[in-house]
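Sequence lines, in order, name chains A and B.
Numbers 0 to 600, taken from numbering that gives the first Met the number 0, label the letters of the first sequence in order.
Numbers 0 to 210, taken from numbering that gives the first Met the number 0, label the letters of the second sequence in order.
Please note that the accuracy of each hint is not assured.
[To be verified] Only pairs whose alpha carbons sit at most 20 Å apart, straight line, appear in this in silico SDA-like list of lysine to any residue: (1) A/K474 to B/P34; (2) B/K183 to A/T47; (3) A/K193 to B/R110; (4) A/K435 to B/V71; (5) B/K206 to A/L367; (6) A/K45 to B/D44; (7) B/K183 to A/Q56; (8) A/K193 to A/L367; (9) A/K193 to B/G198; (10) A/K435 to B/A79; (11) B/K49 to A/T47; (12) B/K183 to A/A248; (13) A/K435 to B/K49; (14) A/K435 to B/D146; (15) B/K206 to A/P373; (16) A/K472 to B/R31; (17) B/K183 to A/P373; (18) A/K435 to B/P201.
What the hints contain is simulated information worked out from the structure, not anything from laboratory work.
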Amino acid sequence: MPFVTADDQQSSYDVIVVGSGAAGGQSAYTLCMDGAKVLMLEAGRKYTAESETPMFQTPDMAPLAGVATPDKVFGFYDATVDGGWQVPGEPYVRTTEDPSGSFWWWRCRMLGGRTSHWGRISLRNGPYDFKPRSRDGLGFDWPIAYQDLAPYYDKVELLIGVYGTNEGRENTPDSSPGCLLPPPAPLVSDLLVKQRAARLGVPLIPGHRAVLTRALDHKRNPARLHPGNPSAQKLTAEAMRSRGACLWATPCNRGCSVRANYQSITVHLPPALASGNLDITTDAMVYEVTLGRDGRANGVNFIDRTTGRQRHASARVVILTASACESVRILLNSRSTQFPQGLANSSGKVGRYLMDTVGSSVRGQVPLLESLPPMNEDAADGHQLYVPWWLYKEQLAGKLGFARGYHIEYGGGRHMPGYTTAAGIEWLTGGSYGVKFKQDVRRYYGSFVYFDGRGEMIPNENSYCEIDPGGLKDKWGIPVLRFHWQWSEHELRQAAHMQRTFADIISAMGGRVQGVVETDGAKAIAPGGFIIHEVGGAMMGVDPRYSVTNGWCQTWDVPNLFITDGAVFASNADKNPTLTIMAIAWRASDHILERMRRKEL
Amino acid sequence: MDRRTTIKWVLAASASWRLARAGSTGAAPATRVDPTPALKGYGTDPDLLKTYHPGEVWPLTLSVPQRQLAGVLADLIIPADEHSGSASSVGVVDFIDEWVSAPYPDCQRDRPIVLAGFAWLETEAAERFGKGFAALDAGQQTAICDDICDPSRVAPARREAARFFASYRDLTAAGFYSTPPGRKDLGYIGNVPLTHFEGPPPELLRKLNLL
Numbered sequence: 000m001p002f003v004t005a006d007d008q009q010s011s012y013d014v015i016v017v018g019s020g021a022a023g024g025q026s027a028y029t030l031c032m033d034g035a036k037v038l039m040l041e042a043g044r045k046y047t048a049e050s051e052t053p054m055f056q057t058p059d060m061a062p063l064a065g066v067a068t069p070d071k072v073f074g075f076y077d078a079t080v081d082g083g084w085q086v087p088g089e090p091y092v093r094t095t096e097d098p099s100g101s102f103w104w105w106r107c108r109m110l111g112g113r114t115s116h117w118g119r120i121s122l123r124n125g126p127y128d129f130k131p132r133s134r135d136g137l138g139f140d141w142p143i144a145y146q147d148l149a150p151y152y153d154k155v156e157l158l159i160g161v162y163g164t165n166e167g168r169e170n171t172p173d174s175s176p177g178c179l180l181p182p183p184a185p186l187v188s189d190l191l192v193k194q195r196a197a198r199l200g201v202p203l204i205p206g207h208r209a210v211l212t213r214a215l216d217h218k219r220n221p222a223r224l225h226p227g228n229p230s231a232q233k234l235t236a237e238a239m240r241s242r243g244a245c246l247w248a249t250p251c252n253r254g255c256s257v258r259a260n261y262q263s264i265t266v267h268l269p270p271a272l273a274s275g276n277l278d279i280t281t282d283a284m285v286y287e288v289t290l291g292r293d294g295r296a297n298g299v300n301f302i303d304r305t306t307g308r309q310r311h312a313s314a315r316v317v318i319l320t321a322s323a324c325e326s327v328r329i330l331l332n333s334r335s336t337q338f339p340q341g342l343a344n345s346s347g348k349v350g351r352y353l354m355d356t357v358g359s360s361v362r363g364q365v366p367l368l369e370s371l372p373p374m375n376e377d378a379a380d381g382h383q384l385y386v387p388w389w390l391y392k393e394q395l396a397g398k399l400g401f402a403r404g405y406h407i408e409y410g411g412g413r414h415m416p417g418y419t420t421a422a423g424i425e426w427l428t429g430g431s432y433g434v435k436f437k438q439d440v441r442r443y444y445g446s447f448v449y450f451d452g453r454g455e456m457i458p459n460e461n462s463y464c465e466i467d468p469g470g471l472k473d474k475w476g477i478p479v480l481r482f483h484w485q486w487s488e489h490e491l492r493q494a495a496h497m498q499r500t501f502a503d504i505i506s507a508m509g510g511r512v513q514g515v516v517e518t519d520g521a522k523a524i525a526p527g528g529f530i531i532h533e534v535g536g537a538m539m540g541v542d543p544r545y546s547v548t549n550g551w552c553q554t555w556d557v558p559n560l561f562i563t564d565g566a567v568f569a570s571n572a573d574k575n576p577t578l579t580i581m582a583i584a585w586r587a588s589d590h591i592l593e594r595m596r597r598k599e600l
Numbered sequence: 000m001d002r003r004t005t006i007k008w009v010l011a012a013s014a015s016w017r018l019a020r021a022g023s024t025g026a027a028p029a030t031r032v033d034p035t036p037a038l039k040g041y042g043t044d045p046d047l048l049k050t051y052h053p054g055e056v057w058p059l060t061l062s063v064p065q066r067q068l069a070g071v072l073a074d075l076i077i078p079a080d081e082h083s084g085s086a087s088s089v090g091v092v093d094f095i096d097e098w099v100s101a102p103y104p105d106c107q108r109d110r111p112i113v114l115a116g117f118a119w120l121e122t123e124a125a126e127r128f129g130k131g132f133a134a135l136d137a138g139q140q141t142a143i144c145d146d147i148c149d150p151s152r153v154a155p156a157r158r159e160a161a162r163f164f165a166s167y168r169d170l171t172a173a174g175f176y177s178t179p180p181g182r183k184d185l186g187y188i189g190n191v192p193l194t195h196f197e198g199p200p201p202e203l204l205r206k207l208n209l210l
């Protein structure tokens, strides 16, 4: 039972999983390890990391030195297939082009979804992050608490491999012993940032990323993951044994042919396929969940992209993991007499409370880092160190003027030269050319530092999506989304605070800021969707009147319909969402298995 | 390509994307977000494992005299020295031709800047020295470039020429530092598989007072 065409699918499955990224991969893995028969439907094409990843290709081998173009928005060698903020033939609509009020929807069309390209930053939400409304009266509490998810964070870390350390910091949880891999050694620039930021009271600690700094413990981890399930232990151990450790080279956003970082296709899907319990159909664009007369979901309708024909697949349970907005779109397009405003939408909350991450960045140049001797600083491709949110007390004392925090992702070092290495450096060189220019480029190479803030956005009434009232459809005939977006003062002030902080750190390093420090938050903040952490739209809650699912990701309206991707997030902490998506998906899938065993599903 | 560069690039390029109005109700105007269908680049799913050469995906378009001038100017910006060869010796002319011939918005934006810059150089060379730019001696070429190399202190009449020179220097450097000799010149020694990553040498950290 591996890859099947629409013609070769079984007549019915236990579970249909719509999507194959972090949520889909985790859901399918968990279900298959316990014997459920699963059909995974992926809208994009089949994609194979082992044979398609450009591991050591250099910019001179690519068109235009590998620079980003509208065809490949993160550069030629980025793993993304048929993706970006625009997808050919699959438009969407937004209400304004004003950068501070527009939403940009990032998608791709490939097996594994965005997990081949993503940054691998894997931070746990902390206890505060699940109960934000109880703390400051804004937004919503989750119906679950950190303690509910903590065992699943442990499991995900043990399965996919995450490096990092336990630092015992406020709202920045420690992992259980043995869950984390050792962090990579910091670079010169990391240590300089750490030394100088400390003078400002800004702490740097090892980052957490889903990269194997050493091989996973295939003897110990499987038993911790699947107690009492020898078959799952065996499959997981085999999958772990077949993954290589990091080679300390080549950017992770290309994917990894030795499977040293987490991608759904290299970590979740191989053991699930080896179980014999998973069928995968690619090029299957799901547009509708179908309902039986009993009001329960009985399957999905999809377009077979290879033929353009409409097809149906059947199952006892349907799980949407298509990414927050795509899952919302499927629900809103699943209209019936019983659900005229879209499936599972009796609350009217489907599509509501979309959130992204607050992003803002400052670049600087640091004389202390000039003309360093040659050394290999490829490391684990960044995030050796980071700054967790550190101003809880000041915020509590009302000194900041905004709610919720941000963490700082920092970059520097002697990375692969290319298009940006010497671009626009006349602000430092006085416009040199000739032999002097070559000397200048040597001098400044590796002396630039980048600070990116990643902050929490509070859900609001004016950031949402709906089916385009103008009736626009994509090339498959599926109605498209229209996006509305608005930041609150909290996000805008936070972005301005990031700018000031980053400029202060650069100054403390003896460096110079490139360009202006933007004090106007509306200009400092990246547009909605740019950080590609969009979550919400089918929020979990305790009350069916105001939420779409319960704490088990089960829709209130349709008991055998679940959503295990970012759509169910009730808040969007500064922590990057992927690890939490996987933890939620694992927990919900365990619940589904339990309910199926009890014949309730 | 990091996300920060991408954001800047996308915001700059968004103005040139097609923003057709879609029918919508309510007060809010709506724009349709859709790629330009006319774009004929390498597409959204190119083969990432093969090695590409300029002229392979889209034709090169510079004339022989333009390519000659392109090489002369690129070598004024990156000449041979004791560390590495000149820009033209590692194929930068082909890179620049590929760039200004490409269908993408950044490239289409740069093409008229580069072509107008070339024309300006020829006119300036003829007016000041009575010859084409390529035929000038090094001192004459430098005299012209000195006038336009620094946008912060350029005469108002030469502002466009300075904008061209800055763009051209960026393109030349992009072409040069993307190649193996360019990487070697900078002392880049990564992109090789390692069994362990040790971090920076302790003696360097001690020297920088970071230990």
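Consistency of the hints with the structure:
1. A/K474 to B/P34: 13 Å, holds
2. B/K183 to A/T47: Outside the cut-off at roughly 33 Å; violated.
3. A/K193 to B/R110: 43 Å, violated
4. A/K435 to B/V71: Measuring from Cα to Cα gives roughly 17 Å; hence the hint holds.
5. B/K206 to A/L367: Holds, at roughly 11 Å.
6. A/K45 to B/D44: Given pair A/K45, B/D44 holds - Cα atoms ~12 Å apart, limit 20 Å.
7. B/K183 to A/Q56: 16 Å, holds
8. A/K193 to A/L367: 14 Å, holds
9. A/K193 to B/G198: Distance of about 15 Å is within 20 Å: holds.
10. A/K435 to B/A79: 11 Å, holds
11. B/K49 to A/T47: 16 Å, holds
12. B/K183 to A/A248: Holds, at about 17 Å.
13. A/K435 to B/K49: Violated: A/K435 and B/K49 sit about 36 Å apart, past 20 Å.
14. A/K435 to B/D146: Distance of about 16 Å is within 20 Å: holds.
15. B/K206 to A/P373: 15 Å, holds
16. A/K472 to B/R31: 11 Å, holds
17. B/K183 to A/P373: With Cα atoms ~10 Å apart, B/K183 and A/P373 stay inside 20 Å; holds.
18. A/K435 to B/P201: 31 Å, violated
In this structure, the hints that do not hold are numbers 2, 3, 13 and 18, in rising order.
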